Amino acid sequence: MNEIPVIQRVIAILWPSFITAGIATIIFTTAFDPEIIFVDYDISRLGVYTISFFLFWLLGAVTAISTCFFLKPCSVTNRSANNDKEKV
Amino acid sequence: MSNSDNKLKVEDEVEQSLYAKRQKIYPREVHGLFAWLRTSGVMALLGFYYITPWLQWDERQMLLFDLPARKFYIFGMVFWPQDFFYLTLILIVAALSLFFFTALAGRLWCGYACPQTVWTEAFLWIERKIEGSRPQQMKLDKAPWGHRKLRLKVTKHFVWVIFSLFTGITFVGYFSSIRELTTSFFQFSMGPWETFWIFFYGFATYGNAGWLREQVCMYMCPYARFQSAMIDMDTLVISYDEMRGNPRGARKKSIDPKEAGLGDCIDCTICVQVCPTGIDIRDGLQYECIGCAACIDACDDVMDKMGYEKGLIKYTTENTMMGKKTHLLRPRIILYACILAAVTVGTFYSIYTRMPLAMDVIRDRNTLYRETNDGLIENVYMLKIMNMTNEPHSYSLSVTGIENLNMLLDVVDIEVDGGEIIELPLRIQVDPDTLEQRSTKLNFNLIATDADDLYVNEAARLIGPVPLN
Numbered sequence: 213m214n215e216i217p218v219i220q221r222v223i224a225i226l227w228p229s230f231i232t233a234g235i236a237t238i239i240f241t242t243a244f245d246p247e248i249i250f251v252d253y254d255i256s257r258l259g260v261y262t263i264s265f266f267l268f269w270l271l272g273a274v275t276a277i278s279t280c281f282f283l284k285p286c287s288v289t290n291r292s293a294n295n296d297k298e299k300v
Numbered sequence: 012m013s014n015s016d017n018k019l020k021v022e023d024e025v026e027q028s029l030y031a032k033r034q035k036i037y038p039r040e041v042h043g044l045f046a047w048l049r050t051s052g053v054m055a056l057l058g059f060y061y062i063t064p065w066l067q068w069d070e071r072q073m074l075l076f077d078l079p080a081r082k083f084y085i086f087g088m089v090f091w092p093q094d095f096f097y098l099t100l101i102l103i104v105a106a107l108s109l110f111f112f113t114a115l116a117g118r119l120w121c122g123y124a125c126p127q128t129v130w131t132e133a134f135l136w137i138e139r140k141i142e143g144s145r146p147q148q149m150k151l152d153k154a155p156w157g158h159r160k161l162r163l164k165v166t167k168h169f170v171w172v173i174f175s176l177f178t179g180i181t182f183v184g185y186f187s188s189i190r191e192l193t194t195s196f197f198q199f200s201m202g203p204w205e206t207f208w209i210f211f212y213g214f215a216t217y218g219n220a221g222w223l224r225e226q227v228c229m230y231m232c233p234y235a236r237f238q239s240a241m242i243d244m245d246t247l248v249i250s251y252d253e254m255r256g257n258p259r260g261a262r263k264k265s266i267d268p269k270e271a272g273l274g275d276c277i278d279c280t281i282c283v284q285v286c287p288t289g290i291d292i293r294d295g296l297q298y299e300c301i302g303c304a305a306c307i308d309a310c311d312d313v314m315d316k317m318g319y320e321k322g323l324i325k326y327t328t329e330n331t332m333m334g335k336k337t338h339l340l341r342p343r344i345i346l347y348a349c350i351l352a353a354v355t356v357g358t359f360y361s362i363y364t365r366m367p368l369a370m371d372v373i374r375d376r377n378t379l380y381r382e383t384n385d386g387l388i389e390n391v392y393m394l395k396i397m398n399m400t401n402e403p404h405s406y407s408l409s410v411t412g413i414e415n416l417n418m419l420l421d422v423v424d425i426e427v428d429g430g431e432i433i434e435l436p437l438r439i440q441v442d443p444d445t446l447e448q449r450s451t452k453l454n455f456n457l458i459a460t461d462a463d464d465l466y467v468n469e470a471a472r473l474i475g476p477v478p479l480n
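Protein chains in written order, with my numbering: chain U, 213 to 300; chain L, 12 to 480.
Bear in mind the hints are in silico, worked out from the structure with no lab data behind them. Each hint should be verified, as a subset may be incorrect.
Unchecked claim - Residues from chain L that face chain U, not an exhaustive set, calculated with beta carbons under 7 Å:
id	residue
1	PHE76
2	TYR230
3	MET231
4	ALA235
Stated by the list, open to error - To give an idea of the interface, some chain U residues facing chain L are shown, with a C-beta separation under 8 Å as derived from the structure:
id	residue
5	TRP227
6	ASP254
7	LEU258
8	THR289
Keep in mind it's a predicted model, so treat the numbers as computed, not measured. We put the CB at the ideal spot given by N, CA and C, even for glycine.
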């Protein structure tokens, strides 16, 4: 895991989620007209597109972070706990 | 010092070196055929990008993806969310082209046409104009902060930011009229979302082309990782001729390399200095190589100066390198070319013959049917008529499927303005004796009365009582 540079880790979370957010926004805005859904709110279509894009991005990033977290080998968890003990 | 301490220290050092800050790459300026091709590509693509939104077609922006109005204007045609299908087709064409060109000559896209390459080239050009050549840039970065360094750095970033903002405005100008946008930009009266996207896109340009550069290709681009699936022994790739070049070594121009036991590579490392991703092409094909061919130009120049034959680094195939025959026209290429041509022709044909008129027929779901005082069966429908042209049209409607049906419309003429949708209630009355089943198919035909080539057919069902016989 440590062989992966920090920038690559950051990109691995932010970039795929960015792309899927773009695709999700396109599909969402093609299928639904925000003006009809959000008729009770004072927000323009462009505003809905923008907010939905960032919500999708956030969702995707959360998924990517969870994936990275669960990919961490279980042995690492034990090792770091043992290291802490040795330090004490 | 305990053993585990020692181990930790070693691990720390390894970690430090792996987390080491990336070395900035200063690509050396290069001249030659491929540099000329790339510069021409960059100029043409940037020109296309910055000029296109300003072009008009039928007194409307030629290319306008009007998101707020959910309409795309492309060369006088109007596309609606219902035309999503065409976007899918165009994406398939793009993917097939990528397969075709990669199989033919490697990463042509990356080297000449990718926005990342194009904007990085533009940013590098600005950087060179302000900070000078590669050695001057390196010297400047090593020098302590002083008046001159501060002045040059501030100037560079200022020009980059202005250029990025201009890029951002142009980008948003594809989605919202650029003429109105620039006017309101200079009057500080832009809408909040437009403002946001101008700065967001501008920031992305500044970050990607100014700072991230080759890291985008290395870490963000999926194409770099799976290119090997599209490349084979007959693909033209940029390669260093190891047989001819090795053993490498510096020498005087007057020396005959063969007598000195040297290959043609004089180990000047200029091919490494010009590389925008900082690799040594002499180590073989690497995934970082974006196929820009800067090393070919640089090496040819050196070979010329040494009086050697050009082409120590060149576009060549693996088969040629191994002394075998290269088949540029091979089943893979022919197959890709045929599918690409078929899908492209199909796409343009379907766009060309696209019917800019659509109708939805929705049966009123609240009541199955109604019996009138005259003993007729009545169904109610809602017609949704979309005129996807830019001009107003009037239409005539006919319904077939049941004999002697009555069609009751609230309006005399069906008229729809350009780019508008109207909803029309429609009642159909039939004699129950003509019904053979509970549900009968009806055909709704809508034809423009002022243009022969605008017509659409839709089917819907009429519900009646169960026939007695």
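A quick look at each hint next to the structure:
Annotation: PHE76/L was flagged as interfacial toward chain U, and the flag is violated, the nearest CB pair being 11 Å apart, outside 7 Å. Here the hint on TYR230/L is kept, as its CB sits about 5 Å from the closest CB of chain U, short of 7 Å. The restraint placing MET231/L at the interface with chain U holds, with a minimum CB-CB distance near 5 Å, inside the 7 Å limit. For the restraint placing ALA235/L at the interface with chain U, the shortest Cβ-Cβ distance is roughly 13 Å, beyond the 7 Å limit, so the hint is violated.
With a cut of 8 Å, the hint placing TRP227/U at the interface with chain L holds, because the nearest CB-to-CB distance is about 5 Å. Residue-level restraint check for ASP254/U is violated (minimum Cβ-Cβ distance to chain L is 13 Å; threshold 8 Å). Hint status for LEU258/U: holds, given a least beta-carbon distance of 4 Å to chain L, under 8 Å. With a cut of 8 Å, the hint placing THR289/U at the interface with chain L is violated, because the nearest CB-to-CB distance is about 17 Å.
The structure fails hints 1, 4, 6 and 8 (numbered hints given earlier, in ascending order).
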